[in-house]
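Trainee: Going line by line, the protein sequences match chains A and B.
The first sequence: position 83 = 83 (the numbering used here), numbered continuously.
The second sequence: position 294 = 1294 (the numbering used here), numbered continuously.
Source of the hints: derived by calculation from the structure; they are not laboratory data.
These numbers come from a predicted model, not from an experiment.
Be careful, since some hints might not be right.
[Unchecked claim] Among the chain A residues that face chain B by a calculated CB cut under 8 Å, a handful are:
1. Met-56
2. Val-59
3. Glu-60
4. Leu-61
5. Leu-64
6. Pro-66
7. Asp-67
8. Leu-132
9. Tyr-143
10. Leu-162
11. Phe-165
12. Ile-170
Just so it is clear, CB atoms sit at the ideal spot from N, CA and C, and this is done for glycine as well.
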Amino acid sequence: MDNILSVLVFFPAIAGLLGFVVNKDSARTYGITVAAIELFLSLWLWFSFDSSNAGMQFVELIPLIPDMGIGYYVGVDGISLFIILMATLMTLIGMMSMGETKNIKNMIITLLFLEMTMIGVFVALDAIIFYLFWELSLVPMLYIIGAWGGPLRVYASVKFFLYTFTGSLIMLVGMLFVAYVYHNLTGVWSFAITDWYSLVLPVNYQLWLFAAFFFGFAIKVPMFPFHTWLPYAHGQAPTIGSVILAAVLLKMGTYGFVRFSLPMFPDASVMMITPIATLAIIMIIYTAMVAYAQKDIKQVIAYSSVSHMGIIMLGIFAMNAEGISGSVFQMLSHGIVSGALFMLVGVIYDRRHTKLMSEFGGLASVMPKYAVIFGIMMMAAVGLPLTIGFVGEFLVLLGFYQVSPIMTILAGTSIIIGAIYMLAVYKKTFFGPVTNEANKTLKDLNSRETWSLVPLVLIVIWLGIYPKPILGPIDNSVKAMVSFMHEKAITQEAKDMIKVAKTDKGGF
Amino acid sequence: MLQPINVSLESLNLITLAPMLIAIVGALIILILDLINNKLHKSLYVMLTLLILFVDFGAVLGLNVNERGFFDVMLIDGISIISQLMIIVGSMIFIPLALTSKRFHEYSYPEFFALFLFMIAGFQFMVTSDNLILIFVGIETSSLALYTLIALHNRSNSYEAAVKYFTMGALAAAFYAMGSAVIYGLTGSIELYKVAEVMATRMNETGLMIAIFGSSVLLLVAFSFKLSLFPFHTWAPDVYEGASAPLAGFMSVVPKIAAFVVSIRIFGMYIDLGVEWVRITILVMAVLTMTLANIMALVQEDVKRMLAYSSISHAGFIMAALALDTTEGTTAIFLYYALFMFTNLGAFSMLWISRHKNRRFDQRYDHPYEKFAGFIKIMPVGAVIMGLFMLSLAGVPPFSVFWGKIYVMQAAVNAGYVWLAIVMGLNSAIAAYYYLKLIVYMFLKDPVKDVDTIYYNLSKPLMAVIGLATIATIGAIFYVQPLISYLYYMISASGY
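The shape of chain B in the complex, shown without the other chains:
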């Protein structure tokens, strides 16, 4: 006779699920509102989404560090909290960008906002678990929502982008599933802390190294797709180009934060176990990613594609920090993204305000460099702000990304990888060229044609977002210290 299974509610520690539930319930509320009245304006949904994210933010802040819940599949540690906070802040910057002065197809559907919140819930599941299956569920939830969001931008190359991203995502998911299967086969467990224990005892068994390394390679391929690392980065520029500008900016930050957290958990485990191959592979991929993406960015004719390649290169930078596997290295990942987030989203928002329905400057591209020629004469403040974003991305002090860069480089030096710091320095120098190219176009050339309507899409909420990003970019020197100490504290508290 079967024993009834008694589960006490306290042991479930349901509070750990609260942040995701808030996002999901919020999404459902939006859908229900639409059922009741389908004539509501997008501004209502934007504000509602913002409020839900705000509540979500509060719920995350209220969590206790190092707790488990819900049959121990949920893991609330320092990095899960900070990554959730960053995901939510990134989303809060992204969402008001829907309030453009021109009408865009996708924002007229409330489903856009519901899907967006489902996606956030997916990301949150990804980062708050060390259970390979729950991570998988999180990845798929968020990715499927994201594919749809891309496709909702009503353009033929958006569909192309969505399908491309979907195909690549499916491939990555397959690799992930195979990698997890190998791990399960090796250790009989899917929870990373148990996996680590079992693997540690079996490290010196002959013949097993191949399987351990094989599992790491499969997982590395899966995450290389997600993080757009060389040689699995080829989808990124096309997808960024097809997606709307704010969504491209969002994709260059938020999904990557989530994927980085999972990578820290998985590959940090391998490196801790002493599988040096993983570290070397990651380092090689990171160096190749930043260098090749930089070189590709040099020859782009479209600002958006340039920014896409630059985002890939920045991801390579951060991936190198992951290979260090020190507390500082991990702090560097989060610090870099926290600082990069504002600048990069700001830069993509500047593209968004110049988005036209028709391609007026080039047959092929939406944002060719020529479009920004003489921007200083047309819209001086806009040009200065865009120039600041570019200088910041290039790593010119005292703007935000510079502090992330020196923290990463310092972490590399401290871990004994001086050559890595030099490679990073040289890459920043290469990167300076293409950021400078845009500055040269904006400040030193004369406008081409139809000069009056570059800032076609501008509206008050967009100005607010760009203003916020600008302040965060310029004033970085004043908030880097509290940010570092908070991140460092949270990360060391969770043992990374």
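Looking at chain A on its own, in the form it has when it is part of the complex:
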């Protein structure tokens, strides 16, 4: 099946449209079935994926607006493959664990449309198609936060929408300018990213364009000064909204850096290493400290999620195969772990309708299963060895050590601070005597919640012990990209900085 990517993109959308006909009571089952089929399709994609090929696979190209050089152009490589898998997995798990009952049909349909846009972003190889899915993904999320969120939901959803929309419009201007430069040099209009890769731009152009794309991606990540929308969005969003937002939507930003900024502007990226790494480190340490100060469990998770996105940013700008592969792996692990943590917070919120730590204490004796899973996920978030979180974080720090040991050490403190705030949460919530009467009768995880969390636990441990099957293809594509960047860089500093791996040592 050569057109499996189109099937992957449009299957959820068509299922969403047909979902309008499905009866309200059956909507949940319908959604889970569709998401499961989608997951199997993406697994099929993985099995038919050629791991030894570093380039784009399953490429499809249909010209849409040839006069402007816009075409439906999709493909997948080792970098995007696993993010797609994670997106389908988290959508399925999110739907399975969903406790919402209000307007469940609208929620299912919205989630299916959201799934289309998420996969669309990660398979798009045409900048306009990328932009199209990127913008379109805002609309379902706006609705999810706005319709099912907490008391400030409208404010949070509008803030989320406007922030991202503003940044991406600046990115759009950047895209149009790249197309214009491409047209000037070749006489052909093209928005195909693979065409753009071949464009060797002068350094000052690269810097301006890097800045334009930076706004779009950094707001989405969210990088330090632009992160203020995220705590609101997480704070107000329903559980499923937070899960998808943290697991997949934020990855769009970091994926954008890997897909666009690095290969297109290698020299500018090298020049921007220090400023961006500084921002990333501020983001890592500052948000980790903010996380420690929170009273609300969900806010702790939200800020820790921002802090970990900083690690991913740092790895991307390590400019070597270890760092970038580690970042891509960290994107997956962050998606699974923070998704799971948000789901776990949702579990307790469903029971008590509060997320304040002061309300809890001693839950380990009342809800043992819950405490165990929460503990495992928390360890993974901290980056304990043999969990998924360790692999990515270790590779990132290893990669960035070659750039700047001092910055790496600073970033490494995040593991310590992370351990502090996470263990503080765990202590306040799970250990000690049960002080609050209301907590004494809490029920442990029911089968719906257990069955949606156990697969994630298994993945966290499996990939923590043996990440090779995933890291291999990622590393393969990343190495190809890095050596391409090395070739393409025009300044000597950039050539020196972008290190091509000589031996096959990036993976485990």
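Once you have looked at the hints, place chain B on chain A.
Mentor: For chain B alone, kept in the frame of chain A given last:
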């Protein structure tokens, strides 16, 4: 002894007049029918008008590009053909909106339809001539008809709107007449191609620059009124509010297309002559128009006024494309309007179906945001469609206006105005807020009161129009390519 003047019929090339004559004859037929039998229902007139417009459309399609006729005052070039086609299509979407389920005063007069056709003829004269006098006649014919159409909507603020529009229109006409007079004084000609020739030879005469610039300023003021550019935009929200919703939607598209064509002819000439001031002035006005109108739209409490300001802002967008004076820029103008037309008329039609005789939600406004609160619960399909229109206007891909927006922005980048593209991008971001506000009301709030009768005015023909607009909005990605190549071909064929 006077020589008899012989004019051969062939040299008149009367076919160039056919489209306008069809509209005028159609209007007369409607009046005659009314004389014979004055009890005919409006549906007959609507269908008759549609048919006449259809014939008109065919006549325009049949014209040859780059021909002159009727003592060379008629000029059939690419932009006149495409603009006429767009004017007619816009009118064909507008006219069926008369078939509401409730009775409205203005549609019971056949004169409404006759005036409408006269107005179309006026617009067609405007766009098919480069003779300043004929353009003036076209402007006045269409404007006078339009004032009357607004006033026919039987409301006190409709009269206010009509009088306001009339006053402003008269002022604009005065400026136009003075500007033309200065041009005539400078060059001894009123045909733009001759004017351009004469001016080109006199460009380096000292002291003449003031007069040339003066003429351009007078004309710019005149067209700024018509195109509702800052600072001559203040009439627009009041007039849109006073006019019936479909007519307001119509005014935000069709008269502006006609005025843009004339502006392309006149100001394109100045820019080609190398009068950079004109370009700078237009750019400044365009940027101010889009920004200030956007900011004003943010604080509106009425959806119709919001849409009025948003239309002004979109006009600013397009005006910036005019200043580029490239083939792409000109194509962008038409592409933008072709795509904007469906979405904007669709949005105004959605207001039209919710029009009540009495103001039930607010003392001051017909369509306050509260009216649409919880629209998703009352009329899910309607809310989704209105939401699509709003997203499209905000420039969210893949809906129609997005393609117009990136084409304009691409044209700006290509012409070397990257800052302009960034300003446009930021303005789209500001604009997203007020479109989003309506979406928030429709989807995320609960209904206020009297929920059952929001879609008071709905009827089958209105549903058909809205359906058509929806399809055109969603499916834009599939017809943008042929549209661009046709527009680009026609525009480059006529040398713009």
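Trainee: Now, for every hint given, state plainly whether the structure supports it.
Mentor: Comparing the hints with the structure gives:
Among the interface hints, the one on Met-56(A) is violated; its C-beta lies about 23 Å from the nearest C-beta in chain B, farther than the 8 Å criterion. Hint on Val-59(A) is violated. Least Cβ distance to chain B is approximately 20 Å, over the 8 Å limit. Among the interface hints, the one on Glu-60(A) is violated; its C-beta lies about 16 Å from the nearest C-beta in chain B, farther than the 8 Å criterion. A distance limit of 8 Å between C-beta atoms decides the matter here; for Leu-61(A) the minimum to chain B is near 15 Å, and the interface restraint is violated.
A distance limit of 8 Å between C-beta atoms decides the matter here; for Leu-64(A) the minimum to chain B is near 6 Å, and the interface restraint holds. At about 6 Å, the closest approach between the beta carbon of Pro-66(A) and any beta carbon in chain B falls short of 8 Å, and the interface hint on this residue holds. Taken as an interface hint, Asp-67(A) checks out: its beta carbon lies about 5 Å from the nearest beta carbon of chain B, inside 8 Å. Checking Leu-132(A) against chain B: minimum C-beta separation of about 4 Å stays under 8 Å; hint holds.
With a least beta-carbon distance of about 6 Å to chain B, the hint placing Tyr-143(A) at the interface is held under the 8 Å criterion. Satisfaction of the interface hint for Leu-162(A) is found here, the shortest Cβ-Cβ separation to chain B being roughly 6 Å, below the 8 Å cut-off. Because the closest C-beta pair between Phe-165(A) and chain B is about 5 Å apart, less than 8 Å, the hint holds. A distance limit of 8 Å between C-beta atoms decides the matter here; for Ile-170(A) the minimum to chain B is near 6 Å, and the interface restraint holds.
When the structure is compared with the earlier hints, violations turn up for hints 1, 2, 3 and 4 and for no others.
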